[in-house]
Amino acid sequence: MKIKLVYFFLLFLLCRTLTGCSDILDAKPQQSLLVPSKLSDFQALLDDFALMNYFVSGLSSVAVDDFYTTDGGWQSLQPIERNAYLWKEDVYDNQVDVSDWNTPYKVVFNTNIVLDGLSDLSLEAEHLDESRAIRARALFYRSFAYYALTQTFFPAFDSGESSNKQIVPVQLSSDVNEPASYRSLHELYQMLISDLTDAATALDNLASIRARPSKMACYALLARIYLLLADYEDAARYASLALEINSTLLDYSTIPLDTDRPFPNSHLNANEEVCFYAGMTSYSYHRAALTFVAPELYTLYEEDDLRKNILFKKGDEGINLKGTYTGNSSRFAGITNAELLLIRAECNARLGNHEQTKIDLTTLLKKRYVTDTFSDSVIPDDDLLNFVLLERRKELVGRDTSWSDLKRLNLDSETAITLSRMIDGVEYHLPPNDDRYAFPIPQAEGHNPS
1 MKIKLVYFFL LFLLCRTLTG CSDILDAKPQ QSLLVPSKLS DFQALLDDFA
51 LMNYFVSGLS SVAVDDFYTT DGGWQSLQPI ERNAYLWKED VYDNQVDVSD
101 WNTPYKVVFN TNIVLDGLSD LSLEAEHLDE SRAIRARALF YRSFAYYALT
151 QTFFPAFDSG ESSNKQIVPV QLSSDVNEPA SYRSLHELYQ MLISDLTDAA
201 TALDNLASIR ARPSKMACYA LLARIYLLLA DYEDAARYAS LALEINSTLL
251 DYSTIPLDTD RPFPNSHLNA NEEVCFYAGM TSYSYHRAAL TFVAPELYTL
301 YEEDDLRKNI LFKKGDEGIN LKGTYTGNSS RFAGITNAEL LLIRAECNAR
351 LGNHEQTKID LTTLLKKRYV TDTFSDSVIP DDDLLNFVLL ERRKELVGRD
401 TSWSDLKRLN LDSETAITLS RMIDGVEYHL PPNDDRYAFP IPQAEGHNPS
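If you count the sequence shown from 1, position 272 lands on 272 in the working numbering, and the numbers rise without skipping.
The hints are simulated quantities; they were obtained by calculation from the structure and are not laboratory data. Since no wrong hints were added, every one of them can be taken at face value.
In silico lysine-lysine, DSSO-like type, Cα no more than 27 Å apart, as pairs:
1) Lys394 - Lys358
2) Lys366 - Lys314
3) Lys313 - Lys366
4) Lys394 - Lys308
5) Lys366 - Lys394
6) Lys366 - Lys322
7) Lys367 - Lys313
8) Lys88 - Lys165
9) Lys322 - Lys367
10) Lys394 - Lys367
11) Lys308 - Lys322
12) Lys394 - Lys322
Just so it is clear, the structure is predicted and the values come from calculations on it, not from any experiment.
Given these sequences and hints, build the entire structure.
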């Protein structure tokens, strides 16, 4: 695989300040001719917030059916956005630099520099704990990057033969001469589970700011992965381990309704519901005035549901998304305590633990409805799983989970759906389990088709 980002990082190592970085949110590079050689250098690489926390693909959120645009809105988009919106097979339209693919691999390259460099350091005993923590943060970031890649560019995991095909290019070395190896989805997820379990042992329960990895973040990402693997017992277990560390939820009755940016800036710990802060690769579709919330989704929110006015803004032509946990116009792609409750609720619903499912749903929804208006009596006994999945869609709207959910739920005929869109009088469809649910790997990168 040709990983062009290697050359970017050779320059990066010469130009980026790698020492004395006092503020990880300062995205302005300073000049330095140093290469990483000290623990502070390696931590500074991981503290490149603009890269290490903004690598989740935005293309898949263009393709989901929670939003739509008009004919004119579609015409105003970049070619890659227009093609993703209509689920075209040729998404990139000869575009060479595809950030949704390249950026996660830049994160992988950064983490491999850290992991290789730490293995070569000779340290005094008093620095070993710090070294282990930096190594653990690198393992988390690399795991999250590979997880994000699988959700956009590879098919849903199933227990059949397809998940054993060697299709995922994996780079575990910073050596530019070492080619990527190819692994199956099964092998990759097992690697991520091993790395995250390892990382959790060396990290504090919570990080000093939510933009850095923590033990809780490791547990939360493990819960996501086990949910994809349909291992509901382990997904519920890791969601519980994470929530034992912090289960704080935003009380939406305290959130202002009359502002376009109702939520605080999450990476500065202003939002304690955030377990780990991440953002999406930005596209104009996400910010466009002509990108509207699907009416079918909007009508799912009851009048006493505060999310209806906090997340959305009604205009003359349609309803726009306004509420995002980034605190600005970019899309949030991190993990929250609310998502962990919903993971545990879904798993318990599937496992038949209905009382625990109702407890978690009630805990969440009491913080989302007007005070004293939500009653657990509305939670059904006979259709509990679908109720959970509906709440998951409503709670996590506009994040990176919708495409992943469509893919995994399409594996079950009971929850599979066909997506449809109309542009310029032509109707487009995306049936369940279609190959287009896996965005193509950019041709410039090369690919092992086996």
